[in-house]
Amino acid sequence: MNPPNPAVARATVTVSAGAGYNFAYLDEGTKRMIRRAILKAIAIPGYQVPFAAREMPMPYGWGTGGVQVTAAILGAADVLKVIDQGADDTTNAVSIRRFFTATAGIATTTRTAEATVIQTRHRIPEAPLAEGQVLVYQVPIPEPLRFLEPRETETRQLHALAEYGLMHVKLYEDIARHGHIATTYAYPVEVAGRYVMDPSPTPKFDNPKMDDCPALQLFGAGREKRIYAIPPYTRVRSLDFEDHPFRVQRFDRPCALCGAEDVYLDEVVLDDAGGRMFVCSDTDHCETRLGETRLAETRLADGHTGEAA
Amino acid sequence: MTPAPSSSPLPLLVFEDVAKSFTLHLRGGAVLPVIAGATLAVHPGECVVLGGASGAGKSSLLKMAYGNYRCAAGAIRVRDGDRSVDLATAAPREILGLRRTTLAYVSQFLRVIPRVGARAVVEAAGIEGGLAPAAARTRAADLLARLNLPKRLWALPPATFSGGEQQRVNIARGLIADRPILLMDEPTASLDAQNRAVVVDLIAEKRAAGTAILGIFHDADVRQAVATRIVDVSAFHGALAA
Amino acid sequence: MEPLLSVAGLTKRYGGRLACDGIGFTLDPGEVLAVVGESGSGKSTLLSLIAGEVAADAGSVAYRMRDGATRDLDTLSLVERRALMRTDWGFVRQDATQGLRMAVSAGGNVGERLMGVGDRHYGRIRATALDWLARVEIAADRIDDPPTRFSGGMRQRLQIARNLVTAPRLVLMDEPTSGLDVSVQARLLDMIRGLVAELGLAVIIVTHDLAVARLLSHRVLVMRAGRVIETGLTDQVLDDPQAAYTQLLVSSVLAA
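Residue numbers (the working numbering), protein chains in the order written: chain A, 1 to 309; chain B, 1001 to 1242; chain C, 2001 to 2256.
Hints listed in this document are in silico derivations from the structure and should not be mistaken for laboratory results.
If you're wondering where the values come from, they're calculated on a predicted model, not measured in any experiment.
Cβ coordinates follow ideal geometry from the N, Cα and C atoms, glycine included.
Watch out, some of these pointers could steer you wrong.
In silico contact screen, one side only, chain C against chain B (beta carbon under 8 Å); selected entries [stated by the list, open to error]:
no., residue
1, A2134
2, L2233
3, Q2247
Covered, in the sense of this in silico footprint (three residues per stretch, anywhere, with C-beta under 8 Å from a C-beta of chain C), are these stretches of chain A [what the hints assert, rightly or not]:
no., stretch
4, 160-166
5, 173-182
6, 242-255
What follows is a list of derived Cβ distance ranges for each label pair [claimed, not checked]:
no., chain 1, residue 1, chain 2, residue 2, range
7, A, P128, C, S2060, 53 to 61 Å
8, C, A2139, A, L39, 49 to 57 Å
9, A, I141, C, G2022, 41 to 49 Å
10, C, S2060, A, P208, 18 to 26 Å
Chain A with its partners taken away, still in its complex shape (with noise of 0.2 Å):
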């Protein structure tokens, strides 16, 4: 997050990776703009903040809303890593990943730890995150009380005055039709014992990731025009009933490629007969624990080849 010059900044025309645009394409208002909303934000953890969201040049739905707010806060020298639903290589990730380095000529990196800013659609990295990291969410649909309670006047003032009981109406309507809390995405929570925020369509499993963590959580919604956060080291809970606890989804194999355990895994389809096979997810995490494994086997292998030499 290091901004650029003021002065650059004022400029009616700041050129940038040679293309013509600002730096990370939004005007320097705008970015100011969302600045202020996540500011503001940060200080009130999971409460919605409206914001001007500015057209941008993809379609709803890809993530417009998580773009504006990584491009109001990536600064010349951050590293960008951008995830769709874990991977780094989807059509979503890369186009996002090459619109920055078009707009603002900064690094991309595909591994999480070497990442300043991680822009994400559905999903946790596996590697734990640090202090100074960014997580900015892209959001489809901010509201968690919206699918019980469509009207917005109803919904803001259950919020200001804290009653949730709704939310755990939809919980029960869970329990009551599948016999457990069948919700295994967009699993709301309860940020710093106050707000109860949805966490974007990231599987319930990366809840428990969300709680305590020390790098900053960002979560923008385009299409809504909100903005909400979650700043390091708070507590996020995730709701439940007294006989019907919170628990994540458990899988019951490794991975079929690296053999991590505990990850979320992907289902993969092989061939027409059937055959499948389940992955990690998070595909840096996959290849990194690959190539480790496999740096191991070539030590391995080059200590026999000593030896024998």
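Use these hints to put chains B and C onto chain A, whose structure you have.
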């Protein structure tokens, strides 16, 4: 006629110079006088029967005594324990209170409550009148049996009953609780001789227990059998002419 | 005894029209008050004013809270008022879709108030919901159906269960039986009558149907053009109406 009780403690129900008239706003505000100067007292153990031609105001007097009609003038004093309440000026809540504790009313027709069985209707009236649930249950069964209501009907809502059957449920409902004042408006009109005789017995029992009864009985035999005194309501028309 | 609810001088003007003109009355615990009148008489507005859903131009509504203190509802904070509305008060609407969550199961509809007051035990919430569904004669196997699959009468019964689950002391009812078939009405009325007596509820029921007023209420308030025309014991007002308007109202219905 039955002899009046020898002792004569304080009356339970007193009409003092009571008048009743109806102002018919829908007929240009015509005033229809019904009763004027009605003065009458009913003591414990008495059964005062109102006499007089049809339309003389017998029913109106009874309804005023229950707080169902308002009084145009005068007072209707009801003894409620140690105190006396004037129905003409009492607040609605006070009248409702008296109906729970002091005033019982048996009308000509049962106002049917949907879906509630005959015995339950009677029982509920007993509980409302202060009986313990078990006592209400026993007494309801006893009354319905005495009034010859076939047992197969007890569990059924009275809506489908014949007029006579409904009326017997109505009587049982009116008599189940022990309220000091009993108002009866033609309770035997739709009953056969056998059941009329039962009602006469029931009234005698109420009197023996000290209930003050004010009633209208069209049937001459029943009237003779139950009345300790007959008051001709036409006498209360004198003031109307004036 | 101090009344449960005291309404004084409630006034509401819509433009030049007086919807409610200085309405006042008190309601005791366990007392059922019917507000009758034709459409546009102001009776539904009166209910909205009492519930605080519409702001009054003048007048006050005071309520004896569960702690015994009588409070002017205007002095309650929004939080207190909303808490009162979902615990000690109920509101049964004419249009069930306004009083129910149509996308939520019957059990969820009944359980919402419990969760609203902090109950976080699924098994207990569900058991209470089942108990209340039985009391309003909705079969246990319908607990997971949404009210969209319920008949009009069932929806109203579900509304009643949803409101009564927190044992309120005051329930407002706005034409709860209108628009239902006669036989369905009778069943609903009888159920309301039974529950009101059993639970000792204080009720203000707004209805244009004098038979409903007679069956359920102790006292009645006759309204016309925003004013109270006549008030008193229900059977007295209906059998011996004094005001010209009440006489007209009573004479224009069959055997109320």
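| task | Compare the structure with the hints numbered earlier in the document and write down the numbers of the violated ones, lowest to highest. | result | 1 and 10
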